[in-house]
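Top to bottom, those sequences are chains A and B. My numbering puts the first sequence at residues 110 to 159. My numbering puts the second sequence at residues 17 to 316.
A portion of the hints provided could be inaccurate.
Stated by the list, open to error - Cross-link-like lysine to any residue pairs, in silico, SDA-like; alpha carbons within 20 Å at most:
1. K50(B) - E151(A)
2. K239(B) - A132(A)
3. K127(A) - I123(B)
4. K234(B) - E151(A)
5. K127(A) - V102(B)
Because the hints were derived from the structure by calculation, they are not lab data.
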Amino acid sequence: MDFNRMVSMAVEGFRDNKVFWSAAVIAVAFMFIGIVVGNPFETYSNASTL
Amino acid sequence: MSNLIHLIRRASQVFGFLITNLYGSVFFRKQIYKGPFKGVCVPFLYCHACPTAVFSCPIGELQHYAAVHLIPFYLIGHLTFIGLFVGRMACGWLCPFGLLQELMYKIKSIKIKIPSYFSYLPWFCLFGLAILLPFLTTEHWFSKLCPIGALVAGIPWVLWNPVNPVTGGLTIEPGSISWLFFIKMFLLIGTLYLFVLAKRPFCRYVCPLGLFWGFFNKISILKLEVAPGCRGCNMCQNLCPEDIKVFEEPNSRECVRCLECLKCKHVKLVGYLPFKTEIPINTKKICDCDAEKRDVKPDA
Numbered sequence: 110m111d112f113n114r115m116v117s118m119a120v121e122g123f124r125d126n127k128v129f130w131s132a133a134v135i136a137v138a139f140m141f142i143g144i145v146v147g148n149p150f151e152t153y154s155n156a157s158t159l
Numbered sequence: 017m018s019n020l021i022h023l024i025r026r027a028s029q030v031f032g033f034l035i036t037n038l039y040g041s042v043f044f045r046k047q048i049y050k051g052p053f054k055g056v057c058v059p060f061l062y063c064h065a066c067p068t069a070v071f072s073c074p075i076g077e078l079q080h081y082a083a084v085h086l087i088p089f090y091l092i093g094h095l096t097f098i099g100l101f102v103g104r105m106a107c108g109w110l111c112p113f114g115l116l117q118e119l120m121y122k123i124k125s126i127k128i129k130i131p132s133y134f135s136y137l138p139w140f141c142l143f144g145l146a147i148l149l150p151f152l153t154t155e156h157w158f159s160k161l162c163p164i165g166a167l168v169a170g171i172p173w174v175l176w177n178p179v180n181p182v183t184g185g186l187t188i189e190p191g192s193i194s195w196l197f198f199i200k201m202f203l204l205i206g207t208l209y210l211f212v213l214a215k216r217p218f219c220r221y222v223c224p225l226g227l228f229w230g231f232f233n234k235i236s237i238l239k240l241e242v243a244p245g246c247r248g249c250n251m252c253q254n255l256c257p258e259d260i261k262v263f264e265e266p267n268s269r270e271c272v273r274c275l276e277c278l279k280c281k282h283v284k285l286v287g288y289l290p291f292k293t294e295i296p297i298n299t300k301k302i303c304d305c306d307a308e309k310r311d312v313k314p315d316a
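Okay, chain B solo, but in the shape it has when bound (with noise of 0.2 Å):
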C-alpha cells in the first residue's frame, strides 16, 4: 500500500484526460462541440480544438478575452478560488500533459537538468503570448505555439480531415496548412524530446497557467512543510516529478502537489483551514537522513 497515493494520482491523472474528451459524438457530426460547456474551462491546459474536447483551455479564453478587449472577470476569478484551496495541485493530479510528461521521462536516456534562467519564458508566455500579444494583434498566439494544441488538435484534425456535413467541403482545404503549423511541428517535437530528458519541463519553464497558480502555492490552504530532523538527503527531489529540493523551499512556485515527497518522513501535508492541522496521509515513510546521519563520523 505504500504506493498508494501514487496509484490515486495516476487513476486521477487519466480521469482529468477521460473528463476532458467526452465528445464521442465528433465522430458523426465531424465538427468540435460548441456547446455551452465550452464557456467552462478545465483547470489544465487542453486544446479546446480537440476534437473530442468539452471544456474550453484557460489560457485559450485567456488569448480570447485579450483579443476582444475584454476582462475575463469570471475566469480570472475561478483560477484564482482553486489556486487559492489547492495551489497548483490540479496540474500534478489532473493534468493530461503532465501523466504525460511522467510517463516520458521514465524512458531511458541520458537526463539533463535545464538551466534556471529558462524559468523567466512562462513569464514571458503568460504576459507576452497569452495577453500582450494577443490584445495588440487579436491574434492567439500561444496556441499557434502551443505544442499541446499541435499533439491534440493538429495533428488529428490534419490526419482525420473528415468532409464538413455543414459547408460539403474538406474541414482543412487544401493549401491552408501555413508554415505556422511545420513551427509548431518543429516545437512539438522539440518538446516531446525534452519531456524525455527533463523532468516535467513544459510545466517549469513554459505553461503559463502553471506560473499563475503558483503564486498561491505560499498562500493556499494546502501547503507542505518539512519537520525538523531533515539533514538534506535529497530524498525529496528525487522523488519529485518537479525537481524540487522540497528541503529547501516546500512551498515552491514550481511545486504541483503531486504529494509523491511525503514518502520522506520529514515532509509533511499542512492544512490552513479553518485552522492548521496536519493532514495524515497514509503512505510508506522513508527517508535517508538516518542513514547519513550514522554514517556521520563523530568529531574528534
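Looking at chain A on its own, in the form it has when it is part of the complex (with noise of 0.2 Å):
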C-alpha cells in the first residue's frame, strides 16, 4: 500500500467517524476540565460496606 493512499484512506476514516471524534474532543475536554478543578486529587470515604 503506497503512501498517498494510506494518507487518502486516514482522511476518509476521519471522516467516517465524526461520532468518534467528537466523543473524543468531549473527553479530553472533560478530563481536562476535571484535572483544573481537582477530581484526581479528591479522595472519598465510603462506609456503606456494612
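Two chains, each in its own frame: build the complex with the hints.
Below you can see the structure in the form of C-alpha cells.
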C-alpha cells in the first residue's frame, strides 16, 4: 500500500468517524476540566460496606 | 497454540486482580489506603473499601460526586476515553469479577437463560442507585447493595476486625452491623448462585459501568465483523461468555470484547484508526457452518 493511499484512507476514516472524534474531543475536554477543578485529587470515604 | 488468546486473557484478568490489590501494608496499618492513588479509579468495578485496594471504584466515585452535588468531569472523560478506544474490553480482559463469573459458570449444574427484560436492570442501577438516589439522599445506594463490595470489603473487614491503631478501638464496633449488611449477604449469595447458573449475569443484568461502556461498542476503534458465508451455526454464541449471537449483532452492548469468538473463522476483529483494517489474530479457526452446509440437502 503506497503512502498517498494510506493518507487518503486515513482522511476518509476521519470523515467517516465523526461521532468517534466528537466524543474523543469532549472526553479530553472533560478530563482537562476535571484536572483543573481537582477531580483526580479528591479521595472519598465510603463507609457503606456494612 | 489455539487457546493463546484465552490464556493471555486469563493472565490479564489475574493481572487486573493483582494490580488492584497492591496495598499489603494494610496488615500492619489496619486501615484502608487513603493516599493519592485512591483518586484514580480502576476500569472495572472493585470496591475501594477492600482492605488491599489501592485504587477507587468508578461507580463509587460516581456516587460520591452525585452525593456531594458535583459533576465528575475527570471520571466521565476518563471512562469515555477508554470506551472510545476499546469499548467494554476492560470488562472482558481485566475485571476480576468477570473472571470469577466465568470460572463459576464452569461448575457442573443446570444452566439457565435469564429473561431479556432483566436487561433493563443496569439502567436502574446506573441512573437510580448510582446517580439519582445518592444525589437526593447523599448516601451511596449502589455500594450499600453491591455484592462485589460485600465480597471483597464487607466480609473481610467483619471477619478480620482488627484494632484500629489510631482510635484504639475495634474497626467494626459491636452492634454497628446493620440490617443492610444482611440484605447485602443475601444478595451476594443469590448473585454467586447465579454465577453458576448463567453466563456472566452480573455484567449483563447489573453492572452500571458495563452499561455505560456498552454504548461505545458501536463507535469504538475496535469492532467485530462477521464475514459473508456465516450460516449461523451458533458456535460464536457457545464460545461467548456473555451468550451473544455474534452473527446477529457483533457489536452488541453486552459484548466484553473477550475475542473468544474469533475462533470462528467468520468473525473478524477490525480496527478503525487511522483507517479500517483487519487485525490479524493468530488463533485456530473452527466453525460448524461448513458442516451444516454439507448436511443441507440440495433442493429438489
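To see whether the hints hold, each was checked on the structure:
{"no.": "1", "hint": "K50(B) - E151(A)", "result": "holds, 10 Å"}
{"no.": "2", "hint": "K239(B) - A132(A)", "result": "holds, 17 Å"}
{"no.": "3", "hint": "K127(A) - I123(B)", "result": "violated, 45 Å"}
{"no.": "4", "hint": "K234(B) - E151(A)", "result": "violated, 32 Å"}
{"no.": "5", "hint": "K127(A) - V102(B)", "result": "holds, 17 Å"}
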